[in-house]
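A.B. asks: Residue-level listing of the chains:
Number of protein chains: 2
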Amino acid sequence: MAKDRKARRPRAQQPKGFRDYFGAEVTARSAMLARITQVYDAYGFDPLETSAVETVEALGKFLPDVDRPNAGVFAWQDEDDSWMALRYDLTAPLARVYAQYRNDLPSPYRRYAVGPVWRNEKPGPGRFRQFYQCDADTVGSASAGADAEICAMLADTLEAVGIARGDYIVRLNNRKVLNGVMEVVGLLDPADPEAHAERRGIVLRAIDKLDRLGLDGVRALLGEGRKDESGDFTSGAGLSADAAEVVIGFMQARGADAGATIANLRGLVTGSAGGSEGVDELERIGDLVAAQGYGTDQFLVDPSVVRGLGYYTGPVYEAELTFEITDEKGRPRQFGSVAGGGRYDDLVKRFTGQAVPATGVSIGVDRLLAALAAKGRQAAQAAGPVVVTVMDRERMADYQQMVRELRDAGLRAEVYLGNPNKFGKQLEYADTRQSPVAVIEGGDEKARGVVQLKDLALGKRLAAEMETHDEWKSQPAQIEVPRDALVAEVRKMIARAG
Amino acid sequence: MAKDRKARRPRAQQPKGFRDYFGAEVTARSAMLARITQVYDAYGFDPLETSAVETVEALGKFLPDVDRPNAGVFAWQDEDDSWMALRYDLTAPLARVYAQYRNDLPSPYRRYAVGPVWRNEKPGPGRFRQFYQCDADTVGSASAGADAEICAMLADTLEAVGIARGDYIVRLNNRKVLNGVMEVVGLLDPADPEAHAERRGIVLRAIDKLDRLGLDGVRALLGEGRKDESGDFTSGAGLSADAAEVVIGFMQARGADAGATIANLRGLVTGSAGGSEGVDELERIGDLVAAQGYGTDQFLVDPSVVRGLGYYTGPVYEAELTFEITDEKGRPRQFGSVAGGGRYDDLVKRFTGQAVPATGVSIGVDRLLAALAAKGRQAAQAAGPVVVTVMDRERMADYQQMVRELRDAGLRAEVYLGNPNKFGKQLEYADTRQSPVAVIEGGDEKARGVVQLKDLALGKRLAAEMETHDEWKSQPAQIEVPRDALVAEVRKMIARAG
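In order, the protein sequence lines correspond to chains P and U. If you read the first sequence in this note's numbering, its first letter stands for residue 133, the second for the next number, and so on. If you read the second sequence in this note's numbering, its first letter stands for residue 133, the second for the next number, and so on.
A portion of the hints provided could be inaccurate.
What the hints assert, rightly or not - Think about it this way: if two alpha-carbon atoms lie no more than 20 angstroms apart in a straight line, the pair counts; the simulated SDA-like pairs of lysine to any residue are:
(1) Lys341(U) - Glu326(U)
(2) Lys254(U) - Asp210(P)
(3) Lys557(U) - Arg234(P)
(4) Lys507(P) - Val158(P)
(5) Lys481(P) - Ser239(U)
(6) Lys578(U) - Asp616(U)
(7) Lys557(U) - Asn235(P)
(8) Lys148(U) - Arg141(P)
(9) Lys148(P) - Asp288(U)
(10) Lys507(U) - Asp288(U)
(11) Lys148(U) - Asp459(P)
(12) Lys481(P) - Gly256(P)
(13) Lys557(P) - Glu211(U)
(14) Lys481(U) - Arg331(P)
(15) Lys578(U) - Ala423(P)
(16) Lys578(U) - Arg525(U)
(17) Lys507(P) - Asp459(P)
(18) Lys554(P) - Ser239(U)
(19) Lys148(P) - Tyr233(P)
Rather than coming from a laboratory, the hints here were simulated on the basis of the structure.
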């Protein structure tokens, strides 16, 4: 044994990029997940819980020409040398499960999943290597009704967790419409879909830069290219001026209402069968959510949404919070995206060779919690327990009887379990616990059949100064009540504070 | 790229020893965890959620003379070559957290934690490499009140999840009493606690074999040793006959009531200060739970409990279910242990050099679920959704309106999203979903302002034989109701079935 190594104490530190969650951080997330899954359940989605660990083969992250699986996942070798890894999302396990059990699962299969996922990435401020996802997907339905259902459920879910109507918008787009535009400008050949992939990538990135570069900058990138302020030149997609205007038209296709937007898009993709199909799907989804009573303040056909367009194969949806929050530097800003999804029709093909249509949504639970906190709408801080102090350590049974009575009445309560010799320590403890009320019963109180109740909210600022039980009793935030009125009086005191 | 490797499809299979949980398996566990944590919360325990990943250094499983961390954990190297691993229990992360944040945490710190843990062990039937734990621990209190509180909470928790009083027993023992016995028989020297460790191990194993070997077999193992039926010889602990009788006396110390047991134990450890201290602690815990109104049908001082005695440093508790279940071979058997815990006073010492007293309990959630299922007390199967069938795919909006009305009334409901052309498929689907009611609205029904409701529980056995909508309508389990009575009539039908 290497003695010197043994002598060194281990560091009490989580690995880089991981964090711990305490108290209300845990319960606020649990409460949010419960509200979300309640909506998913009402829509007929069934829970699925897979393990954190998958084979690298099933995850599909294995690069055959390197020894180790792709960076991006946490992976290791099992005893038999096969590679295992922590899941990086909840969609890859769904694909594996659907392929594995497809003969036993209902078809279509609506499932939801909640849990942590892991990314082997460089951690940064607010970026963690383990975080929660909360997904709902419908596998086995090509119907636009499935997309419309996911969209409606997304809106219901946001409202269920406390985002009011008017504070969010779900934007709809469709990869097929963009593909149609690419076809019209000559960058996509349905007979040879791999051709021009690089130029299409330039167009996508150009569209995504509209906010930053403005229309002229995007035009330059669609054409020959663009020189930025530093003098660096970015090559363009090489479109003609006319073709570039078709792409610009797509970005600006949003009309006065959904009908006008649809008409604009239909005009742009004339001649592309796939593009027209995409416009039909958008129209159908918009009609279906409108028929269910959702308004234009909730859903918007918005061709400028390109995030995720590279991944999805059909409709794409993205939920944004529209209220302003104040960032850490005190500046107002939009909170932005909290959920997104879309249709991905090649989910199971890797496993079975057979394409299976699927559509789904993923809610960024941690982002949504941050948004609610920023908006001041987070659930109230978890209530601290009533603390029964220990004045006489031989009478622990009496104090435990008190906490039992309080608990039986539905109140959170605990007896002080540290060294009871210093009464000040007990009050400090109650303070750390954010306790609303401390209960005191010394020998004198016991003899007279009473207890002292200390209103800690009221008395907080005085607590630091006091040392002895007698001094403490003189404070105004303290009352004496009959022992048998303990529960009723504690309840009153808490009600007053709350 | 290695083409031949790419050509092979990945297997849709979870890694060996891992499993998936579907539908009611997930919700039953969630419901149980919610009930358990509600009790923990009422006792003033705060939730803590750490990441699945810890440094191997913090977990303490690193063997310095080998390249790889100990088998037993799943471990891998980070980019900077430091070792990380999946946690194997919830206690090691608690130790790390307490050492890391000890200046900010309340003292004593009561915390609960719920979540999966991972073991890199050979999987076997019913043995998985990921499973749930649900722990509650009090760190920083040496008081027997802390142990008594954990014991009381354990009993309350079992009753909260549906184990009736009388169907479980919490057995109490104390490592210090056993150590006292070892001292009396000359196998433990308080001045040199490492001496005789091997012989103490033989005694512990002998005690644990009482059920199998009987008293004479145990006596032989305590003495010179024992030859089994196959002729193999097991070396004994080498105790004299008198000393062996002291150990036997410990195993049989259980008296008519707790007082008698305590008196027996006190007699056995006369002369051992540590042993007497252990007996005092047992007495104190017993008194405290009795003072709270728990009965001898719930708690038992039982020196024969040795499981965990090697790990814990003071009081040990173990909850057993006492009812019989039928095993997979149809034989009746006791279900056995579902939770255990005890005091371990060296939790944080590895990190800080300072011993911190701690006591806690771990509930085997999956075992408890299995017990409730075996007892037939598991929460009812999750309710299947009402399925609205699609008779006319152009009227998807009408069908989505129906599911919305049903959901708004608190009913789980979904529209059929597969290919609607074959009506039989839709009924099969509803069957797979364990749907209580199917709703049908063809063009004829629409024109007449009615819908058909199919009672699927009633009509299940006929479903397989029918092919057409007309034939289906003739079945007795189907009724026609006005469209605007949809919700009320579905509700009635479900109530009838339930």
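A.B. asks: All hints are to be evaluated individually against the structure, with a verdict given for each.
C.D. replies: Right, here's what the structure says about each hint:
1. With a C-alpha separation of about 24 angstroms, the suggested pair lysine 341(U) and glutamate 326(U) falls outside the 20 angstroms cut-off, and the hint is violated.
2. Straight-line distance between C-alpha atoms of lysine 254(U) and aspartate 210(P) comes to about 11 angstroms, which keeps the hinted pair within the 20 angstroms bound.
3. Restraint check for lysine 557(U) and arginine 234(P): satisfied, since their Cα atoms lie roughly 16 angstroms apart, inside the 20 angstroms limit.
4. With a CA separation close to 19 angstroms, the supplied pair lysine 507(P) and valine 158(P) stays within the 20 angstroms bound.
5. A distance of roughly 55 angstroms separates the Cα atoms of lysine 481(P) and serine 239(U); the hinted pair therefore is violated under the 20 angstroms criterion.
6. For the given pair, lysine 578(U) sits about 12 angstroms from aspartate 616(U) by alpha-carbon distance, which is consistent with the 20 angstroms threshold.
7. Taking the CA atoms of lysine 557(U) and asparagine 235(P), the gap is near 14 angstroms; set against the 20 angstroms cutoff, the hint holds.
8. The straight-line distance between the Cα atoms of lysine 148(U) and arginine 141(P) is roughly 35 angstroms, outside the 20 angstroms bound, and the hint therefore fails.
9. The hinted pair formed by lysine 148(P) and aspartate 288(U) fails the criterion: a straight-line CA distance of about 39 angstroms is larger than 20 angstroms.
10. Of the pairs offered as hints, the one joining lysine 507(U) and aspartate 288(U) holds, with about 19 angstroms between alpha carbons and a cut-off of 20 angstroms not exceeded.
11. For the proposed pair lysine 148(U) and aspartate 459(P), the alpha carbon gap of about 46 angstroms is over 20 angstroms, so the pair is violated.
12. The straight-line distance between the Cα atoms of lysine 481(P) and glycine 256(P) is roughly 35 angstroms, outside the 20 angstroms bound, and the hint therefore fails.
13. Restraint check for lysine 557(P) and glutamate 211(U): not satisfied, since their Cα atoms lie roughly 45 angstroms apart, outside the 20 angstroms limit.
14. Our distance criterion of 20 angstroms between C-alpha atoms is broken by lysine 481(U) and arginine 331(P), whose separation comes to about 61 angstroms.
15. Restraint check: the Cα-Cα separation between lysine 578(U) and alanine 423(P) comes to about 17 angstroms, which is no more than 20 angstroms; the hinted pair holds.
16. Pair hint lysine 578(U) plus arginine 525(U) holds up; C-alpha atoms about 13 angstroms apart against a cutoff of 20 angstroms.
17. At roughly 11 angstroms between alpha-carbon atoms, lysine 507(P) and aspartate 459(P) fall within 20 angstroms of each other, so this suggested pair holds.
18. For the given pair, lysine 554(P) sits about 13 angstroms from serine 239(U) by alpha-carbon distance, which is consistent with the 20 angstroms threshold.
19. Note on lysine 148(P) and tyrosine 233(P): the hinted pairing is violated, with a Cα-Cα distance of about 37 angstroms set against a maximum of 20 angstroms.
Hints 1, 5, 8, 9, 11, 12, 13, 14 and 19, counting from the list given before, are not met by this structure.
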